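Trainee: Take the sequence shown: its letters are residues 472 to 927, numbered as in our numbering.
If you're looking for bench data, these hints aren't it; they were derived computationally from the structure. Keep in mind it's a predicted model, so treat the numbers as computed, not measured. Hints should not be assumed to be uniformly reliable.
Unchecked claim - Here are the simulated DSS-like pairs of lysine-lysine, each with C-alpha atoms no more than 30 Å apart in a straight line:
id: 1; residue 1: K661; residue 2: K738
id: 2; residue 1: K516; residue 2: K548
id: 3; residue 1: K738; residue 2: K899
To be verified - Have a look at the derived ranges for each label pair, beta carbon to beta carbon:
id: 4; residue 1: A758; residue 2: W884; range: 21 to 29 Å
id: 5; residue 1: Q522; residue 2: Q701; range: 47 to 55 Å
id: 6; residue 1: D654; residue 2: G759; range: 33 to 41 Å
id: 7; residue 1: A517; residue 2: D654; range: 25 to 33 Å
id: 8; residue 1: I805; residue 2: A599; range: 45 to 53 Å
id: 9; residue 1: P782; residue 2: L886; range: 18 to 26 Å
id: 10; residue 1: R905; residue 2: H750; range: 35 to 43 Å
id: 11; residue 1: P782; residue 2: P870; range: 39 to 47 Å
id: 12; residue 1: A517; residue 2: A599; range: 49 to 57 Å
id: 13; residue 1: A517; residue 2: D672; range: 32 to 40 Å
id: 14; residue 1: N593; residue 2: A517; range: 28 to 36 Å
Note that CB positions come from ideal geometry on N, CA and C, so glycine has one too.
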Amino acid sequence: MSLFEQKNLYETEAGAPLAARMRPRTLEEFVGQEHLVGEGTAIRKAIENDQLGSVIFWGPPGCGKSTLARIIAAHTKCHFVEYSAVTSGVAEVRRAIEEARSRRQLHGQRTILFVDEIHRFNRAQQDAFLPHVENGTIILMGATTENPYFAINAPLLSRSRVLRFEPLNEEHLRVIVERALVDEERGLGKLRVHLPPECMDYLLRIANGDARVALNVLEAATALAEPDTQGRRTITLEMLEQVVQQRAARYDREGDEHYDTISAFIKSVRGSDPDAALHYLARMIRAGEDPRFIARRLVILASEDIGNADPHALLVAVAAMEAVQFIGLPEAQITLAQATTYLACAPKSNASYVALNKALHDLETQPLAPVPLHLRDASYPGAQQLGHGKEYIYPHNYPGHWVPQRYLPEGNWNLPYYEPSDSGLERKIAERLRQLRERLERPSAPHDEDETASNP
472 MSLFEQKNLY
482 ETEAGAPLAA
492 RMRPRTLEEF
502 VGQEHLVGEG
512 TAIRKAIEND
522 QLGSVIFWGP
532 PGCGKSTLAR
542 IIAAHTKCHF
552 VEYSAVTSGV
562 AEVRRAIEEA
572 RSRRQLHGQR
582 TILFVDEIHR
592 FNRAQQDAFL
602 PHVENGTIIL
612 MGATTENPYF
622 AINAPLLSRS
632 RVLRFEPLNE
642 EHLRVIVERA
652 LVDEERGLGK
662 LRVHLPPECM
672 DYLLRIANGD
682 ARVALNVLEA
692 ATALAEPDTQ
702 GRRTITLEML
712 EQVVQQRAAR
722 YDREGDEHYD
732 TISAFIKSVR
742 GSDPDAALHY
752 LARMIRAGED
762 PRFIARRLVI
772 LASEDIGNAD
782 PHALLVAVAA
792 MEAVQFIGLP
802 EAQITLAQAT
812 TYLACAPKSN
822 ASYVALNKAL
832 HDLETQPLAP
842 VPLHLRDASY
852 PGAQQLGHGK
862 EYIYPHNYPG
872 HWVPQRYLPE
882 GNWNLPYYEP
892 SDSGLERKIA
902 ERLRQLRERL
912 ERPSAPHDED
922 ETASNP
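Kindly produce the complete structure, drawing on both the sequences and the hints.
Mentor: Here it is in structure tokens:
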């Protein structure tokens with residue numbers, strides 16, 4: 472892209488989509504993201520003073536990331552080069568960096584390299600930017616819909632400022648749509664389009680914070696509207712519904728929305744809110760999430776967050792996972808709903824999960840003592856000569872199927888590991904365990920010979 476082309480970034484063909492034609496050209500036209508570019512903000516001052524360093528624009532589609540990059544291009548004295556990680560390869564980027572190096576050496580002009588969807592570049596491709604960002608050859612400006620703390624290399628991220636873009640709210644979208652309706656140069660003003668209030672509300676709702684969706688749907692609906700005798704085109708709800716076959720759902724099975732939604736789902740089940748859990752379940756099903764993924768997460772939750780408060784929860788979750796694999800969608804969604812509501816309404820306890828972590832922590836911080844001799848395997852020839860199994864007491868030979876006996880190896884263990892909650896069945900477990908622990912005396916000397924028995 473030449474410098475001349477850079478200063479004509481906003482020239483669009485007459486046949487370009489409405490969203491491209493209506494792209495804001497100045498900070499004054501820019502709608503939304505007031506926390507970033509509102510009057511008096513540090514970012515706005517940096518843009519106006521041409522002092523913005525390397526940045527990562529992070530936000531959902533249609534919220535203004537690419538638009539702000541183009542506005543910056545119009546303000547800066549730097550050369551501005553725009554690439555898409557979807558269509559550009561490493562060779563093109565390296566060529567751009569080499570040109571940037573020559574431009575700086577010959578003319579003293581720095582280069583802003585804007586990479587849209589930068590998360591599409593793999594780690595090695597992202598590494599190609601690092602030395603040139605460090606030495607000032609380029610100012611990197613990346614745009615991504617993915618969480619940069621996962622999608623961008625840490626060294627590159629540490630040299631960039633992450634700017635979080637928020638979805639546009641309905642008032643932002645209303646300003647954008649109304650501007651498109653009256654703009655005769657770039658918008659639909661010459662077509663005299665009438666958008667009734669109920670249609671405006673519907674359009675803003677289905678756009679889901681995405682200005683590009685709102686303008687694309689508006690443009691497509693306008694094409695369906697025939698002019699009346701006065702030359703005015705009235706858009707109806709039926710036209711909008713025809714254009715929008717399904718409400719725009721911002722959900723990527725490998726992106727942030729995937730992880731955010733499953734996180735909200737699990738936390739809702741853990742929090743015993745079946746309505747919220749069903750809401751997120753419906754969102755995932757509707758967006759095409761793999762039902763097996765959902766089922767696996769429910770199995771994990773059944774043990775981690777319910778545990779012995781309701782042991783049947785694990786059976787329900789495992790049965791649901793097997794049923795999902797057996798019957799598939801769409802019927803599997805009913806099974807998932809049943810499992811979700813059961814687990815959400817079940818009593819909760821993470822005592823087993825906490826206990827395991829305590830035991831693991833001890834193993835990481837304490838010396839690993841050998842298994843006590845009386846607990847070792849005595850089934851093979853010669854084991855008894857080694858003392859394996861000697862003096863082991865068989866609990867079933869005693870009343871209550873229990874007898875005091877040392878099971879833990881020697882060590883300074885952080886006991887007790889398992890502390891049952893007072894929730895559900897675990898309340899009974901807690902009472903029984905309390906009684907056993909009160910009776911328990913870990914032997915420091917071998918048991919009497921007549922108290923021992925072989926393990927059948």
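Trainee: The structure should be examined with respect to each hint, and the outcome stated for every one.
Mentor: We went through each hint and held it up to the structure:
1. K661 <-> K738: Roughly 51 Å separates the two Cα atoms, so the pair is violated.
2. K516 <-> K548: holds, 15 Å
3. K738 <-> K899: holds, 26 Å
4. A758 <-> W884: 21 to 29 Å: violated, 47 Å
5. Q522 <-> Q701: 47 to 55 Å: Hint holds: Cβ distance 52 Å, inside 47 to 55 Å.
6. D654 <-> G759: 33 to 41 Å: Holds - the Cβ-Cβ distance for D654 and G759, about 36 Å, lies within 33 to 41 Å.
7. A517 <-> D654: 25 to 33 Å: The hint (25 to 33 Å, Cβ to Cβ) holds, given that A517 and D654 are roughly 29 Å apart.
8. I805 <-> A599: 45 to 53 Å: holds, 50 Å
9. P782 <-> L886: 18 to 26 Å: 24 Å Cβ-Cβ, so the 18 to 26 Å window holds.
10. R905 <-> H750: 35 to 43 Å: holds, 40 Å
11. P782 <-> P870: 39 to 47 Å: violated, 26 Å
12. A517 <-> A599: 49 to 57 Å: Taking Cβ atoms as reference, A517 and A599 lie about 26 Å apart, which means the hint is violated.
13. A517 <-> D672: 32 to 40 Å: Given about 37 Å between the Cβ atoms, the range holds.
14. N593 <-> A517: 28 to 36 Å: Since the Cβ atoms of N593 and A517 sit about 30 Å apart, the hinted range of 28 to 36 Å holds.
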